[in-house]
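Given the sequences, and given the hints that come with them, work out the whole structure.
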Amino acid sequence: MEFLSYFGNVFEPISFMLLLGGTIGGLILGATPGLSPTMAVALLIPFTFHLAPHQGLILLGAAYTSTIAGGAVSAILLNIPGAPANIATALDGHVMAKKGEGAKALHLAFMSSAVGGVIGVLLLIFLTPVLAKWALAFGPSHLFWIAILGVTVIGTLDSKSFVKGLLSGCIGLWLSMIGYDDIQGVQRFIFADALTGGINIIAALIGLFAIPQVMEMLSRGRTITDIDVITVRHQSLLASFREMISNMKALSIGTITGSIIGIIPGVGGQIAGLVAYDQTKKISRDRRKFGTGHPEGVIAAESANNAMVGPSLIPLLTLSIPGSPTAAVLLGGLLIHGIFPGPDLFKNHAAVAWTFIDSMLIGQFLMVIFGIYIANLAAKIAQVPRSILAAGVFILAVFGAYSVQQSMGDVHVMIALGVGMFFLEKYGFSAAPLVLGLILGPIAESNFLQGNLIAGAQDGPAIYFLTGYLNLFLISLVILSICFAFWTTLKVNRLIALSKEAE
Amino acid sequence: MANVDYKKVQQTLAAAIVLIVAGIVAWLSYTREPAEAFLFPRYISIAFLVLSIWNFVRAATGMALVGRGMDLGSAIWLAPGLAIMTIYIFWMAKYLGFYVASTLTFIILFSIYDPSSHTSPRTWLARAAITIGFMAIMYGLFALVLKVQLPRGLFI
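Chains as they are written, first to last, in my numbering: chain S, 2 to 504; chain A, 2 to 157.
It should be emphasised that the hints constitute simulated quantities derived from the structure, not laboratory data. Heads up, the beta-carbon is just placed ideally off N, CA and C, and yes, glycines get one too. Keep in mind that the hints are not guaranteed to be accurate.
[Said to hold, decoys possible] One side of the interface only, derived from the structure: several residues of chain A facing chain S at Cβ under 10 Å: (1) Tyr96; (2) Val101; (3) Leu126.
[What the hints assert, rightly or not] Below, in silico cross-link-like pairs of lysine-lysine (DSS-like), each with a Cα-Cα straight-line distance of 27 Å or less: (4) S:Lys492 with A:Lys9; (5) S:Lys492 with A:Lys8; (6) S:Lys283 with S:Lys161; (7) S:Lys161 with A:Lys8; (8) S:Lys100 with S:Lys250; (9) S:Lys161 with A:Lys9; (10) S:Lys348 with S:Lys134; (11) S:Lys492 with S:Lys161; (12) S:Lys283 with S:Lys100; (13) S:Lys348 with S:Lys99; (14) S:Lys99 with S:Lys250; (15) S:Lys250 with S:Lys283.
Rendered as structure tokens:
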């Protein structure tokens, strides 16, 4: 129960103000279509440089949680999911809003988000120390395979194309090797002065997540946002609470599904929401009502996508393997404060780690309180024209990338990676595995080299890396993730071919 | 000529560029010394090259189904924005200073892509007001709160 002793840190004036600001700002950013939670967190990192580590993480954690919940506002009131995680919410939420039940849909979305979020954070609290103790037994070969597993899982599960997903991961791994080699001090792949110190993670994250979205907005030209915002009228919060309690089955399925999916690296909130929606629909007595404004749909989807947040941080905090792109951005936030997550995190930086986790728990309650009351305002802000959003995000990205090391070189790297990623995405490549490759590359390489040194003094690299129960278990997971994705691709291709033949 | 599959051509071109990059990475990894420093890059470059060849074959044979590519309309709309972004980062920020360059870039990008009237003085006034407001927030955040020293240029 160590986490209980750090709640006081969250209520320090600056920390609490940051939690409040991160929650409200995250709700508004989340409600804005075109701004993904990952991009919002990446753009916030430069603002954490001047804060104490726990304060910086409180801001990032609050933004992570509330941007996902904030996406429900635009999904319900505008029928545009603020984030991919809210796709399932729009299916019933918007129909409810059109029927005049907008407030009820929002109440259900935020309350079930909070329930899912609290359970998810509790899982994070109770599972992380256990896994961290277990992870202390991991040697370099295991950590090497875990890093490779992180890239293959996210490369195969997060991408629409199996080959392009893995290829994106390889590009990220290669990018991580640019700069000076840590052991020999040899220059590798340095094509320009800006790359001498390697690719700065924060500048890369901003570039990879913000610039493609800016370019996407620009490529749509002068689009007029002629969306009707459905105004929310006051409705009883207590009645909505009763409604949520009466739909306990949907709430439980959503929370359990989200928590399980969250722990699996690379799967993410989008799938959590859709899987929970689908599972609830399958076992519901009112399955025909789904899609017609049924509260169960909103409850299942929203509880799942917020239940995913806490568990998605477990691999990050115990093994320093980010399980999702947003967790990768949070890792960047930890690294700039000199904190390396992993088995020793709760020994060396217990105050930072527990304060961060506690703030996420309190953030769930703030999210409900503010989410419900600022929904109308957030929906109006969500209508900001794309021209302003694109110009604003671009300037913010440049300022943010520059302020990392006060270097124009980082800005050049940021724009080069961002433009490159925009075109790669157009051809089916994905940013998430590339980012994971970029972040996990140094972890994989240092453990690979350490393992090689140990293996040199023992029975050789083949025995060291390819034998032992844990190595074999991790290798089989790598192979399984690749085979599963390969099988899924074949199945999808066959379906596409069949539909073409039918046409 | 009428039956050119532009999606396939674009996919093949993109796959060819990735293949060339993978080839260069593999060549550099295997030709640079000391070998110990390039041990890990060599393994990764093999995987990178094999996957790139696979991707290229799939694209060239029309099997690459994911990714719609760029249509001409989107490319035409994107071009001026991309040009302004490049000029801002590589020239304007250096010579005019960050704040002046950013203000100009913001209003130019905003004006080009703003669907509102471009002949009415009122919309121009609104654009100017939004730009000044946005830059005031940026100045407040970065110069006053975060105290980031941004590059100075000809003006500020």
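We went through each hint and held it up to the structure:
The restraint placing Tyr96 (chain A) at the interface with chain S is violated, with a minimum CB-CB distance near 12 Å, outside the 10 Å limit. Violation of the interface hint for Val101 (chain A) is found here, the shortest Cβ-Cβ separation to chain S being roughly 12 Å, above the 10 Å cut-off. Taken as an interface hint, Leu126 (chain A) does not check out: its beta carbon lies about 15 Å from the nearest beta carbon of chain S, beyond 10 Å. Taken as a hint, the Lys492 (chain S) and Lys9 (chain A) pair is honoured in the structure, with Cα atoms around 21 Å apart against an allowance of 27 Å.
Between Lys492 (chain S) and Lys8 (chain A), the direct Cα distance comes to roughly 22 Å. Compliance with the 27 Å bound is thereby established for this hinted pair. Between Lys283 (chain S) and Lys161 (chain S) the alpha-carbon distance is near 25 Å, which keeps this suggested pair within the 27 Å criterion. Under the criterion of a C-alpha separation no larger than 27 Å, the hint pairing Lys161 (chain S) with Lys8 (chain A) is consistent with the structure, at around 17 Å. The hinted pair formed by Lys100 (chain S) and Lys250 (chain S) meets the criterion: a straight-line CA distance of about 24 Å does not exceed 27 Å.
Taking the CA atoms of Lys161 (chain S) and Lys9 (chain A), the gap is near 17 Å; set against the 27 Å cutoff, the hint holds. Distance hint between Lys348 (chain S) and Lys134 (chain S) is fulfilled; the C-alpha atoms sit about 10 Å from each other, no more than 27 Å. With a CA separation close to 12 Å, the supplied pair Lys492 (chain S) and Lys161 (chain S) stays within the 27 Å bound. A hinted pair counts as satisfied when its Cα atoms are at most 27 Å apart, and Lys283 (chain S) with Lys100 (chain S) qualifies at roughly 24 Å.
Simply put, Lys348 (chain S) and Lys99 (chain S) have alpha-carbon atoms about 52 Å apart, too far for the 27 Å limit, and the pair is violated. A distance of roughly 25 Å separates the Cα atoms of Lys99 (chain S) and Lys250 (chain S); the hinted pair therefore holds under the 27 Å criterion. Restraint check: the Cα-Cα separation between Lys250 (chain S) and Lys283 (chain S) comes to about 12 Å, which is no more than 27 Å; the hinted pair holds.
Of the numbered hints listed earlier, those contradicted by the structure are 1, 2, 3 and 13.
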